[in-house]
Amino acid sequence: MTGIVGAVVEAWDELRIHRVRVLLALIGVAVAVTAITAVTAAVTMLSQAMAEQSERWMGRDTTLSAWSTGMSGGLQDAAEIDAVVDEVAERYDISYHTIETWASLSVQGPASSGLDVTVVDPDYGTILRRQVDDGRWFTDQDTERLAPVLVVNQPFLDAYAGGASVASRPVVTLQGATSVVTSVVGRVPVEYSEEGPRAYVLFDHVARWFPDAASADSYRFWVPPESATELAGVLTRDLAAAGVPISVEPPYDEAFALDGAAQWVALGVGAFALLLGGLGLVNIALVTVRYRIREIGIRRSFGATGGRVFFGVLMESVVATTVAGVVGVVLAVAFVKWMPVERIFGAALQDELPFPLSAALVGMASAVGIGALAGLVPAVYAVRVRPIDAIRY
Amino acid sequence: MTDTLVDLRGVVRDIVLPDGRVLPILRGLDLSVGAGEHVAVVGRSGTGKSTLLNILGLLDSPTAGEYLLDGSSVESLGQRARARRRGEDFGFVFQQFNLLPGRTALANVAAPLLYARGKDFWTRRRRALDMLERVGLGDRWETMPDKLSGGEQQRVAIARALVRTPRVILADEPTGALDVDTGRAVMSLLEEAATSTGAALVTITHDLAIAARADRQFRLDAGVLAPIVLEAAAVVEHALGVPVPAPTSAEAVA
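Quick note, the sequences are listed as chains S and P, same order.
Here our numbering is used: the first residue of the first sequence is 1, the next is one more, and so on.
Here our numbering is used: the first residue of the second sequence is 1001, the next is one more, and so on.
Pulled out of the complex, with its shape left as it was, chain P reads as follows (with noise of 0.2 Å):
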């Protein structure tokens, strides 16, 4: 087993809602996730899985329970140093790309070396360039996104959230958007990337084909996290409209 990078431990996460009602989202979860380490994590929507994504990337707090970074409670951070580190430390894949409509490939890559310091911040160009060269999109640098196909924004999108060089990468539904061939294609890229820079790399996903490529899977439902082995036969007939399998226990999977 590889250090910790991530620990949660017991965390909860409510949300009260506006007539006063308190609404459980995440239910005293448990997750530690090793530098280098690919984790998997599926879920039906509104399940969760988001918010376990924002509680690691720091966007989010829990409720309850606690989150250890690098074996350090985060909870004492304030909102600044929850910043910095969020933008040392991680970097995020969206479903939607989210790249930043009207700059180019290149301006998006290099977006977040804007909040980096000294030396990465003044040669974020060339950086950015060097890491859209990474990715296949060397020549595409002065592209408009809506001008880029899913798989090149998404493969741009990748770029951006790797330029940092994250010790930690979070995917929410990196191929969602995308076909088959082109998800396939943009995990690879992703995998190798972590692969290479020695981070962790925690995949949210609808798609169990996606979820096995995964060193560890896991499912969400309820607000619970538990570990599943995901087999062939049950990835194929998921590709046939069977439902999720359901959560092996805890002890089969040790």
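With the rest of the complex left out, here is chain S (with noise of 0.2 Å):
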């Protein structure tokens, strides 16, 4: 026990004593150590990134999509057929599904046109990560009012409502067979550039005021992965024999993410970074080894062992690279953290992640190692060392 604490204490004493030439020489491996730990923080947060953006398409990580099989026989009417696939969801405790279909509505106002409006659930913005930017999404409760409400993107109301902002409640008009008044009650974003007017409606709006434009053919189940495959057929069963003529596909094998072999080239240049810094730091250990052959014997007459002096000196890269590699992550907490992910990614992140635990991790035991190997050669030569011809040194 003392052995080891004396070994610290005698190691911090060192680089306390040559803190500038520590310093220096450990500048390159709190920097290689901030590029691997931030690489890997990044690599982190980019696959989140484009798992979200290919989630705001596919729908979240299990989701099974359901199509219209297109034949006839079954049940025909849209609310009805909404109806059994709610029971058959509920039965097997599938806490998040949604319709998603179209209806061609026309919208009055200032430039009146026919509108392609998304016929969702609410669930809708769960599973496939809509978020408004301004108002709210859909919730359960605007199932039962008494008018449709809508979330719309910007053009929408720049195209309808004059620009006006959500706070300000604004109305429209939609009209199929009849014409009903909503309101808006949030905006999404726009997701790229020259999107047209976009619009969300409830299926329970359209199927009590629009019944002739409702469909029900297209859905979406956010499942647990374990049970997506059986949950597809078992889903598909039950269906059919309730007359609802949809098939639940079974997930795609693999969810949308950053290609390993990215990962491992963005990992690979922070490495060689640390290499080279470790190379540099071998380098100043060494020179500093032989500028301290004396001190070595006159610790040898003390009474140190070989092991001790071995030990001792690792134990100074160690604990200069420790250092370093914390300064590292705390500069790579920095940079990711003040990082603009909205630029870099094109989105910013809905789940905001903490720092990658992984990624600090990843840097501390690169500094920690990088100083175990440093500190190698210089502690062999040290132990190498006569006793009698370092103190005559």
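No lab work stands behind these hints, which were simulated from the structure alone.
Don't take every hint at face value.
[To be verified] Under 10 Å between C-beta atoms, here's a sample of chain S residues computed to sit facing chain P:
| # | residue |
| --- | --- |
| 1 | E14 |
| 2 | R16 |
| 3 | S301 |
[Unchecked claim] Stretches of chain P that chain S covers, calculated by requiring three or more beta carbons in the stretch to come under 8 Å of a beta carbon on chain S:
| # | region |
| --- | --- |
| 4 | 1074-1084 |
| 5 | 1087-1099 |
| 6 | 1108-1115 |
Heads up, the beta-carbon is just placed ideally off N, CA and C, and yes, glycines get one too.
Two chains, two frames, some hints: make the complex.
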């Protein structure tokens, strides 16, 4: 116990005394650790960003898509079909499922025109990561409202509500077989430049006020990954048994994510930078040990064993790079925290990740590892020094 | 005669030169030192004085012969055990002080206790401070070696050699880098410290006046150790530049 504490105390003293030299040697290591940690963190965040991007189109992992098989003979009324789907989903404890169809409605306004409105359930927002940047998304309570509500994009507001903000509770008139005044409750971000008007409406509202425009031929179910394949079969069977001609597709094999090779390339670059930093450290450590030969001899006269001298020199390097590692990780955290995620990844992350612990661990492990490697050569050299020669040096 | 602490019997130390030739350094050397005894070894440069001190301090091993420490041969001791005994039983005082640069006087004196165990390790600062007080440098504990005079540096080195209360103090030219008065004061301190702790003191020196202070004196010449008696006149002659006196025979000393 005292041996280990003694070696650490000794190593820390050495570093304190030679702090300028150590500082210079460690800048390279700290920068490399910053790079490797930041790259690891960025790759994790990039994967998350790409997964989120993918989920905006395909639904969260694991989302089952269901399509109408076009078979006739079963239920034809959209509201009846939807009621059956709800019942089947509830039977299997599927917490999130949504219809996803389109209804051609006419929107009255300064520039009234026909518009394909996306017809959804409230769960659509969760499953396909639709977030509003003003107002709110649909809630279950909205289905009971006495007038339909809409979630739209800014071009929609510009075209049909005179550019009014959601806070001013703009209203527009939707026209199918009948005309209904609807209020806008939320605004979704524009997804690409030159995007036209876009609107979401709840299926229950369409079924109630525009039954002619309602269809129920496409659904999504967010299910646990482990039972996804099994559920696809079971849902299809139960829906068919209830007269609903909808087939639930098994999930894709893999969610779309950052290519594994790209991660390795990024890590490889970081590791190479760390290696260069480590070589600089070996160089400085070797020079220092030569400079300290006499001191090593004096310590031998105090009773320092070869093992203790070896461990002491090794510890100097490890303690130093550990400190550099902490600095590097802190810098990386600061860098990633202030990184313009939206500009780099194209969209802000919805699920804001804490700084990935794995990245910090990779950074610290790299720092300690390079310290041990860099300390090994001078430590072996120090042990080989004969005490008598060292004192006379 | 006190109990024998270190006992060299027929110790030989040879060095093999790069061209394969064997260079004898010590040739069958006998030396016994008891606890509390002060022994001085004089001799010219290159006669093997430092090699003798290194063998005594377990920093080097004899090529032949026997070294008994406390009556037991050290030959069977492994490197680890030798290092442990070196730390526990021996205190070194060097000619060039050999203080660790960049560390305060206190850190220097505490340094040997970094290799101690238990209480000695955990109380090293307090013990080092006590030892600095004993050598009269309690108020300079924060001073760096390069800010101390030669005499003060050697006193720090003595405090460092004594901090683990060694049983044998090995002093290699302890006054070699000091003026006469300072050297005398340092020797007094060393002798007093050895006497108070009952440690044996082996001094290697060029200075006959310093050697004359020891209980017994030896001359090392061409690897051969022989006892001598230093007369006061001889010391004066030496101070005047007269060569070191030839050794008297062992029989004459006896």
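Hints, one by one, checked against the model:
no. : hint      : result
1   : E14       : holds (9 Å)
2   : R16       : holds (9 Å)
3   : S301      : holds (5 Å)
4   : 1074-1084 : holds (count 4)
5   : 1087-1099 : holds (count 6)
6   : 1108-1115 : holds (count 4)
Of the numbered hints listed earlier, not one is contradicted by the structure.
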